[in-house]
Amino acid sequence: MKNITLPMDKETVKCLKAGDSVLISGTIMTARDCAHKRIFEYIKDGKTLPFELKDSVIYYAGPCPAKPEMASGSCGPTTSARMDSFAPTLLNMGLGGMIGKGEMSDEVREAIKKNTCVYFAAIGGAGALYGSAIKKSECIAFPDLLSEAVYKLEVENFPVVVAYDCFGGSIY
Amino acid sequence: MRIVNTKEISEAVYRMALHAGVNLTPTCQNALKKACSEEKSEAAGFALETLLKNAEIAKKNAMPVCQDTGMAVVIMEIGQQVYLEGELLRDAVNDGVRRAYNDGYFRKSVCNPITRENTGDNTPAVIHTEIVSGDKIKITFLPKGFGSENMSKMYMLKPAQGVEGIISAIVETVRLAGSRPCPPVYVGVGIGGTFDTCAFLAKKAITRDVGTSNPDKKIAEIEAEALKRINELDIGCQGFHGSTTALGVSCEWAPTHIAGLPVAVNIQCHCVRCEKEIL
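Chains A and B, in that order, are what the protein sequence lines are. The numbering of the first sequence is this note's numbering, which starts it at 1 and goes up by one. The numbering of the second sequence is this note's numbering, which starts it at 1 and goes up by one.
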C-alpha cells in the first residue's frame, strides 16, 4: 500500500504502476456528466474556468447530501466511461489525473501516457466509506447542478487502485 | 373486502426506502463474504474487503451504502379484495419516496431525460401494480442504481436459438459490461412474454434473494450454467480480475409467441438493496 499526498508532481506519478493500492490524502474535486458538459461550454466560449485545472485530480462522483454532523454524504465513484469524450481535452490542458470506476477509452489511455498522468479506480459502491474519508467539502462551481456540481473535497486515506499508469499499463 | 388507506402504503414505502438505501440485503452480504473468502486476485480481494467494510460503515452511520440511491422502483401485488381509500395510490407512493430521500440524506437522481433538469426530490417512482388474489398488499421496494442499469440489454432471439441462445445472450451482456456496472453483479433475466413484459420480468428477477434458484428445473439449469460461464470471464470484482464476476443469475419467465424468444438482461450491481413488506 502506497501513500500519496496531492498535488502530485510528475516524479510521484512515475512511481505508480497499474494494480498498486494507494491511499490518497489532499484535495480533489468532483465533476460528472453535467459539470463536464458545462466545463466544455466554458472552453468553447473561451471563458476562464471557475477553478484551477492544472495538476488537479477530478473525481467522477456525485455525493449524497451531508448529514449535519458530517463533512460529506456518501460519495463513491461513478462510471468513468461516460466521461471518455471529455477526458483527453482536459488532460491535454494540464489536468493531473482522474478517479473513477471502470475502463475508459483508448484515447483516454493515450492522453494519460502522453501527459504523464494517472487514472485511479476507486471501489464502486463503497459510498459510505469514501464519504467518511472526506474531511471537508465545499461547492466551488455550478451549484445549480446539485449533486452534479463541482465540489472541492479534502480527503484523508482515500483507498484507490492505480487503473491506468503513465506508461500505458492497465489493471483491466 | 378490506379497506386500506393509502396513507399506510405511503408510510410503508417511507420505511422501506430508508432501510433499503442504507442496508444491503442479508443474502447479498453473505454472497460478498463468500466471494471475499474465496478470492485469489489481490486487487479484487482488496476491493471485496473494502465493500464489506463499507457495508459496516453505512450501517453504523446510517448513511447510504452507495451514493447512487437509485430510482425508486416499487412493485405492488394488490389483493383483489382490497379497497383503497385516501389519496391516489401513485401520489401516496411518491410521497413516501420524497420524504425518505429527504430524511435519509439520499441523493436525488431523477431528471428530465432531455433538459436533464433534476426533479429535486427523486420522484416520480417507477410503480408497477398487479392484482392478485386475497386481501393483502405485498410491496417490494428496489432502489435501482444506473451504473448497472445502463449495462442492461434486450434481445429478440429466434426460437431456434433456444436455451443456448439464452445463455449466450446473458453471458455476452455481462462480458460487454466489463468493469463498468460495479461487478460482482447480480444478473436479472426475463425470458418470454412480449418486449415490455420481458423487461419487467428481468427487473422482478433481481428482487429475488441472491443465492436462490427458480423453482422450474429447466430455468434453474439456465441460471446455473450462465453463472458458471460468467464467472469464467475473469472480470472479477470492479474489473480487477478474479473468480467472482457475478453473485448470481436469477431468471423469471412467461409464455411467449410462437414466432419469438425475447430475453431481457437487467444488470444489478453488487449493492443489492431490496425491501419487502406485506400489509
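None of these hints come from the bench; they were simulated from the model. Owing to the predicted nature of the structure, the values given are computational and were not obtained by experimental measurement. We treat Cβ as the ideally placed atom computed from N, Cα and C, and that holds for glycine. Warning: the hint list may mix true and false statements.
FRET-style restraints, in silico, Cβ to Cβ [stated by the list, open to error]: (1) B/Asn112 to A/Phe51: 38 to 46 Å; (2) B/Glu172 to A/Phe40: 29 to 37 Å; (3) A/Glu110 to B/Pro124: 37 to 45 Å.
Facing chain B, according to a computed beta carbon distance under 10 Å, are these residues of chain A, among others [to be verified]: (4) Ala61; (5) Pro65; (6) Gly76; (7) Pro77; (8) Gly127; (9) Ala163; (10) Phe167; (11) Gly169; (12) Ile171.
Item to check | Interface hint compliance - A/Pro77 to chain B, C-beta minimum distance less than 10 Å | outcome: At about 9 Å, which falls below the 10 Å cut-off, the nearest Cβ of chain B leaves the hint on A/Pro77 intact, so it holds.
Checklist entry - Within 38 to 46 Å or not, the Cβ separation of B/Asn112 and A/Phe51? => result Violated, since B/Asn112 and A/Phe51 (Cβ atoms, about 27 Å apart) do not stay within the stated range.
Next on the checklist: Hint validation: A/Ala163 versus chain B, beta carbon distance must be below 10 Å. Holds or violated?
Outcome noted: 9 Å, holds
Checklist entry - For the hint on A/Ala61, does the least C-beta distance to chain B fall short of 10 Å? => result The hint holds - A/Ala61 has a Cβ within 10 Å of chain B, the shortest such distance being about 7 Å.
Next on the checklist: Please check whether A/Pro65 passes as an interface residue: C-beta within 10 Å of a C-beta belonging to chain B.
Outcome noted: 5 Å, holds
Item to check | chain B contact restraint on A/Gly169 - CB to CB distance below 10 Å | outcome: 13 Å, violated
Checklist entry - Minimum Cβ distance from A/Ile171 to chain B below 10 Å? => result 6 Å, holds
Checklist entry - Are A/Glu110 and B/Pro124 spaced within 37 to 45 Å by their CB atoms? => result Holds, at about 42 Å.
Next on the checklist: The hint names A/Phe167 as touching chain B; please verify it with the least Cβ-Cβ distance against 10 Å.
Outcome noted: 18 Å, violated
Checklist entry - Taking the closest Cβ pair, is A/Gly76 under 10 Å from chain B? => result Given a least distance of 5 Å, the restraint on A/Gly76 holds.
Item to check | Hint validity - A/Gly127 Cβ closer than 10 Å to any chain B Cβ | outcome: OK, holds: A/Gly127 within 10 Å of chain B, min 4 Å.
Checklist entry - Taking the beta carbons of B/Glu172 and A/Phe40, is their distance inside 29 to 37 Å? => result 33 Å, holds
Hint compliance for this structure: hints 1, 10 and 11 are broken, all remaining hints hold.
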